[in-house]
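Take these sequences, add in the hints, and give me the full structure.
For the sequence shown, the positions run 9 to 299 when the working numbering is used.
Certain hints may be false.
[Stated by the list, open to error] Quick list of simulated restraints, FRET-style, between CB atoms: (1) 39 x 202: 28 to 34 Å; (2) 99 x 259: 49 to 55 Å; (3) 259 x 57: 15 to 21 Å; (4) 255 x 109: 42 to 48 Å; (5) 106 x 288: 49 to 55 Å; (6) 257 x 225: 30 to 36 Å; (7) 125 x 247: 37 to 43 Å; (8) 214 x 113: 29 to 35 Å; (9) 131 x 104: 42 to 48 Å; (10) 205 x 131: 41 to 47 Å; (11) 221 x 150: 28 to 34 Å.
[Claimed, not checked] Simulated pairs of lysine to any residue, SDA-like, Cα-Cα distance not exceeding 20 Å: (12) 296 x 251; (13) 122 x 175; (14) 160 x 104; (15) 28 x 41; (16) 122 x 104; (17) 28 x 104; (18) 122 x 133; (19) 160 x 204; (20) 252 x 221.
Don't read these hints as lab results, they were simulated from the structure.
Please read all numbers here as calculations on a predicted model, not as lab measurements.
Beta carbons are placed, not taken as given, at the ideal position from N, Cα and C, and that holds for glycine.
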Amino acid sequence: MMTRFAEPPCGDDTFLQVLKEMLEGSGSDYIKLYQNADKMADAALWVRKRSASSYCLLPFCHTLEAEGYGADIQTGNALSASRPQKARFLTLNELIDGLPSLDLTTVRIRETLKACHLLRAYGENVLFQVSGPLTILDCLIPSEVLLRSLLKQPEQLFTILNRIGKDLLELMRLAEAAGAGILSFSDPIGAPSLLGPRLSGMVAREFTLPFLRAADHLLDRSTLFLLCPKTALSLTSSGLASWKIHLFNEALSYSEAALQLRGDIRFGGSSCPKLQYPSTEFHELILKETT
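Structure (C-alpha cells):
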C-alpha cells in the first residue's frame, strides 16, 4: 500500500527537555555530557528510559559534525541546544578554499563513538544521528550566504555538499562499527517549507538521493536508516521516493515498530526518531529506482 505523508512535528524540544531534567537531577553539567563517553552513555540510557523509547540516541545535538569541520560551537545549556557562535567562512569562495576534511579524531566525535560502544555493551539498541551537509554548513557560513549560493552558484555548492557527503559516509561506517544498528539522517534546512519546492527538489535530486543510495551500498544490510521527516518529505514531494505502510495488530511506539522491522526494511522517516507516539502503522520509505 502506498501513501503520501505530511511533515510531522520535530522532537528536538521534547528531547532537550528530558535531557535537561536528567542534568538537573544528577548535578552534572553540559560540558562533561558532550565530551565524556561514560557520562554520555549514562545520559542516553536515562533519556531512553524516561522517554519510553526502545533505542538510545546519540549525539545529543546537530553540531557534532560541524565542530569536526572547525565550526565555533557554543555547548548547549539549560536554555538552548548547542549552536554556532560565529561563522568560520564568510563567502562561498572562502568555504571552497578553506573547508577541511571532517576531523574524526575530535574529542566529541571520539567520545560519542565510544559511548555507542558502551551502550551496545550494555545490550542497548543505539541510534546514531547524522546531520546533513546543509545543516553542517549553516554552522560554518552565514545562512544568507548559503541560500544565495544555492540560488546563484549551485554547481560550486554541490561540489562542497558531495565532499561533505563522503566524510559523512565514513562517519556512518564508524558509527555502525561502534554498535549503532540504526542511523538517522537529518538535513531539515533542505525541507520544502524552508527552501521552497524547487530548491528543495534540487537538493533532494542532486545530493540526498545519491547520498542515501551510497549509504545503502556501503553499510550492513541489517542497518536501518530513519530519516528526519523533513528530509524524507523533500524526497517524496519531488517524486524521488514513496511510502509503503506496514500494519501491526497493536499500537507500537515509533522505536518499537522500527526495531521490529529492522532487517526487513531499509529506510523509514515518517516521524522524528525522538518522538514515540503509538501507532498501528509504520511508513517505510521506498527510494526511486535508478533510471
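Q | Structure versus earlier hints, numbers of those that do not hold, lowest first | A | Hints 16, 17 not satisfied by this model.
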